[in-house]
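There are 2 protein chains.
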Amino acid sequence: MDRKEQILEIATELIQTRGYTAFSYQDLSDRLGITKASIHHHFPSKANLGFAVAERYSTAVTASLAEVKQNTDDPWEQLDGYVGQILQLIKTRDRICAAGAVHSEYNVVPESMSDAMARLAKHIIAWLTDVLEVGRREGMMDFPGKPEHQAALVFAAAQGAMQFGRAHGAVKARQIMDQIKESLKAA
Amino acid sequence: MDRKEQILEIATELIQTRGYTAFSYQDLSDRLGITKASIHHHFPSKANLGFAVAERYSTAVTASLAEVKQNTDDPWEQLDGYVGQILQLIKTRDRICAAGAVHSEYNVVPESMSDAMARLAKHIIAWLTDVLEVGRREGMMDFPGKPEHQAALVFAAAQGAMQFGRAHGAVKARQIMDQIKESLKAA
DNA sequence: TGCACTCTACCAACTAGTAGGCAGGCTGTC
DNA sequence: GACAGCCTGCCTACTAGTTGGTAGAGTGCA
Chain A
1 MDRKEQILEI ATELIQTRGY TAFSYQDLSD RLGITKASIH HHFPSKANLG
51 FAVAERYSTA VTASLAEVKQ NTDDPWEQLD GYVGQILQLI KTRDRICAAG
101 AVHSEYNVVP ESMSDAMARL AKHIIAWLTD VLEVGRREGM MDFPGKPEHQ
151 AALVFAAAQG AMQFGRAHGA VKARQIMDQI KESLKAA
Chain B
1 MDRKEQILEI ATELIQTRGY TAFSYQDLSD RLGITKASIH HHFPSKANLG
51 FAVAERYSTA VTASLAEVKQ NTDDPWEQLD GYVGQILQLI KTRDRICAAG
101 AVHSEYNVVP ESMSDAMARL AKHIIAWLTD VLEVGRREGM MDFPGKPEHQ
151 AALVFAAAQG AMQFGRAHGA VKARQIMDQI KESLKAA
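If you read the sequences in order, they're chains A and B.
No gaps in the numbering here: position 184 of the first sequence is 184 in this note's numbering, and each next residue is one more.
No gaps in the numbering here: position 91 of the second sequence is 91 in this note's numbering, and each next residue is one more.
Keep in mind the hints are simulated off the structure, nothing from the lab.
Note that the structure is predicted; figures quoted are calculated from it, not measured.
The beta-carbon is built from N, C-alpha and C at its ideal position, and this holds for glycine as well.
There could be a bad hint or two in this list.
Unchecked claim - BS3-like mimics (lysine-lysine), calculated; alpha carbons at most 27 Å apart, straight line:
(1) A/K185 to B/K172
(2) A/K181 to A/K69
(3) B/K181 to B/K146
(4) B/K181 to A/K146
(5) A/K181 to B/K181
(6) A/K185 to B/K181
(7) B/K172 to A/K172
(8) A/K46 to A/K4
(9) A/K181 to B/K185
(10) A/K185 to A/K172
(11) A/K69 to A/K146
(12) A/K181 to B/K172
(13) B/K172 to B/K91
(14) B/K146 to A/K185
(15) B/K4 to B/K46
(16) B/K146 to A/K172
(17) A/K181 to A/K122
(18) A/K146 to B/K185
(19) A/K46 to A/K36
(20) B/K91 to A/K146
(21) B/K91 to B/K185
(22) A/K91 to B/K122
(23) B/K146 to B/K185
(24) A/K181 to B/K122
(25) A/K122 to A/K91
(26) B/K181 to A/K172
(27) B/K146 to A/K146
(28) B/K185 to A/K172
(29) A/K122 to B/K172
(30) B/K46 to A/K46
Stated by the list, open to error - Sample of chain A residues lacking proximity to chain B, with all beta carbon distances greater than 10 Å (derived):
(31) M1
(32) D73
(33) A170
Claimed, not checked - In silico contact screen, one side only, chain B against chain A (beta carbon under 10 Å); selected entries:
(34) I96
(35) V102
(36) N107
(37) V108
(38) A121
(39) K122
(40) A157
Working from the sequences, and respecting the hints, build out all of it.
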């Protein structure tokens, strides 16, 4: 892993654990053992770094969701794939989804970053929409109204669950995700 | 309204629109037309102010939820009362629930503040639990599993919806809240 | 030798905060 | 009624620390 990737990896973690506003180049410097000026060499501004983090994260999440669909056609397993990733973040690493973190700080992060994360959110919801659509069509899932609305609900619940899990424990986040899965089971 | 209340009111708004980390005493000073030192007279530290905001907000939300239950025994109207408050925040004032904002910044806000907001979250969930329990018992609502789990889901979805609505428009937040209400309708 | 990467040294701006002083209003005493 | 003292709330002036950032120099490697 080269230096640029290292910076992006640590910055992603800091955004997921502290948020964009609360992390600094000094934090990165402390973690990597190089000076702030060296980091500026790779990412000349914080906004530039934030955008790079958003793009990289989006690419990674998009790829991992695509992999879930490659591994199984079963909508329940696909949904479990998504939920598993969510719970993994909160349980083992006290992180929340970077898209949710940025949505929360939407008014204060650079626009390039918030736009990139808004696009990722749309992509995730489209992915979930497809899962739910197939699930209902095959009689394996049940929910009222449009699939894209239910997908947005699943996404919003996931973001809320991660944040709630921070304060109240990962078990609570799991309960919330289990609850929405239960509510999707066909009668 | 005396000066202390004015400070708390503006600080609440700033936390709801920008988050705790991203607002400063200078912002308050600019808004109120008094110096930072004057604000320090009332609230000697930012942590102290943050805690006072959390306490005041909790009291207000608790009171407004109690009022909803005073105004109607109907669980659907009660749920609408809660959802209405959520949507009012995002639609007219680009605010999110301060509890959700603090959950998102959980790792970086003062502990006194995060504890206070965690207690508020528990209170809201208990309130929702009661609504859902009564709703199901009376055959007016339907959902799987325990009422407290469904209440936690409603709460998480609401937090997620507000944040999502920031990026994608208040209409999207409304769609999410409508979707979860639809899913609670008895078959 | 040139380039990528790192460093030192520095900057302006901003942050949360401190200390002492001023002004106005209220209360008590003479 | 006048005056002094106290209190609340505000001010000026200042602090140490941190932030994101700049400019130029040094180092190692292909």
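If you draw a straight line from the CA of B/K4 to the CA of B/K46, is it 27 Å or shorter? Distance ~14 Å between B/K4 and B/K46 Cα, so the pair holds.
Given hint B/A121 near chain A, where the shortest CB pair must fall under 10 Å: holds, 7 Å
Measuring from the C-beta of B/N107 to each C-beta in chain A, is the shortest one below 10 Å? holds, 5 Å
Given a cut of 10 Å on the nearest C-beta pair, is the interface hint for B/V108 held or broken against chain A? holds, 4 Å
> Is the straight-line distance between the alpha-carbon of B/K146 and that of A/K172 27 Å or less?
Replying inline: This hinted pair holds, its Cα atoms lying about 13 Å apart.
Within 27 Å, alpha carbon to alpha carbon, are A/K91 and B/K122? Holds - the C-alpha atoms of B/K122 and A/K91 are around 20 Å apart, at most 27 Å.
Given the hinted pair B/K91 and B/K185, is their Cα-Cα distance within 27 Å?
holds, 25 Å
With the threshold set at 27 Å, check whether the alpha-carbon distance from A/K181 to A/K69 stays at or below it. Distance ~18 Å between A/K181 and A/K69 Cα, so the pair holds.
Given pair status - A/K91, A/K122, alpha carbons within 27 Å: holds, 25 Å
Original post:
Do the numbers back the hint for B/I96, that is, is its least Cβ distance to chain A under 10 Å?
Top reply: holds, 7 Å
message: Quick check on B/A157 please, does its C-beta sit within 10 Å of some C-beta on chain A?
response: Holds. Min distance 4 Å.
Taken at face value, is the distance from the CA of A/K172 to the CA of A/K185 at most 27 Å? holds, 20 Å
Going through the hint list in order, the structure satisfies each hint without exception.
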